[in-house]
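Colleague: Sequence:
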Amino acid sequence: MATDEGNTTVRVDSWIWAVRLTKTRSQAASACRAGHVRVNGDRAKPAQPVKPGDEVRLFHAGRERIVEVKRTLAKRVGPPVAAEAYIDNSPPPPPREHVAVAGVRDRGAGRPTKRERRELDQLRGARRGQ
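Sequential numbering of the sequence shown, starting at 126, is according to the working numbering.
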């Protein structure tokens, strides 16, 4: 099995990928380099070791995941085994009603006019001219 029982450690990017918090290991490493991963409150580099009992905070896909390491995993495992490797203390995701609706155009409507494009940019919160 791909678990390392005891006091052994694993790279934080590898562990995040192994327990399926990100789709790829390179996404996990990029999140670490961008400062979106914290281990016990401190910013984590991709090679920082994690051990059982550590708290890992990951900001990914528009929400923050707060997990406590129960087991270290060196290899990617199936979802049922991965779920047993951590305790999820994350806040629940926001309800769908509170998520901002993106501007959707009808299929076949052609290119947006300059006015429609400005309205879409305003809706999305994009700032132009900077």
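What the hints contain is simulated information worked out from the structure, not anything from laboratory work.
Bear in mind the structure is a predicted one, so any value in this text is a computation, not a measurement.
No residue lacks a Cβ here, since even glycine has one placed at the ideal position from N, Cα and C.
Among the hints, a few may not be true.
Below, simulated SDA-like cross-link-like pairs (lysine to any residue); rule was C-alpha separation at most 20 Å, straight line [stated by the list, open to error]:
| # | residue 1 | residue 2 |
| --- | --- | --- |
| 1 | 195 | 206 |
| 2 | 148 | 209 |
| 3 | 239 | 249 |
| 4 | 148 | 166 |
| 5 | 176 | 150 |
| 6 | 176 | 200 |
| 7 | 170 | 159 |
| 8 | 200 | 249 |
| 9 | 170 | 158 |
| 10 | 176 | 196 |
| 11 | 148 | 218 |
| 12 | 148 | 191 |
| 13 | 170 | 204 |
| 14 | 195 | 210 |
| 15 | 170 | 191 |
| 16 | 195 | 208 |
| 17 | 176 | 218 |
| 18 | 195 | 219 |
Pairwise CB distance ranges (calculated) [what the hints assert, rightly or not]:
| # | residue 1 | residue 2 | range |
| --- | --- | --- | --- |
| 19 | 152 | 245 | 27 to 35 Å |
| 20 | 167 | 237 | 43 to 51 Å |
| 21 | 185 | 232 | 28 to 36 Å |
Colleague: A separate judgement is required for each hint: does it hold in the structure or not?
Modeller: Hints, one by one, checked against the model:
no., hint, verdict
1, 195 with 206, "holds (12 Å)"
2, 148 with 209, "holds (18 Å)"
3, 239 with 249, "holds (15 Å)"
4, 148 with 166, "violated (23 Å)"
5, 176 with 150, "holds (18 Å)"
6, 176 with 200, "holds (15 Å)"
7, 170 with 159, "holds (9 Å)"
8, 200 with 249, "violated (39 Å)"
9, 170 with 158, "holds (6 Å)"
10, 176 with 196, "holds (7 Å)"
11, 148 with 218, "holds (19 Å)"
12, 148 with 191, "holds (17 Å)"
13, 170 with 204, "violated (25 Å)"
14, 195 with 210, "holds (5 Å)"
15, 170 with 191, "holds (17 Å)"
16, 195 with 208, "holds (10 Å)"
17, 176 with 218, "violated (27 Å)"
18, 195 with 219, "violated (26 Å)"
19, 152 with 245: 27 to 35 Å, "holds (28 Å)"
20, 167 with 237: 43 to 51 Å, "holds (45 Å)"
21, 185 with 232: 28 to 36 Å, "holds (31 Å)"
Hint compliance for this structure: hints 4, 8, 13, 17, 18 are broken, all remaining hints hold.
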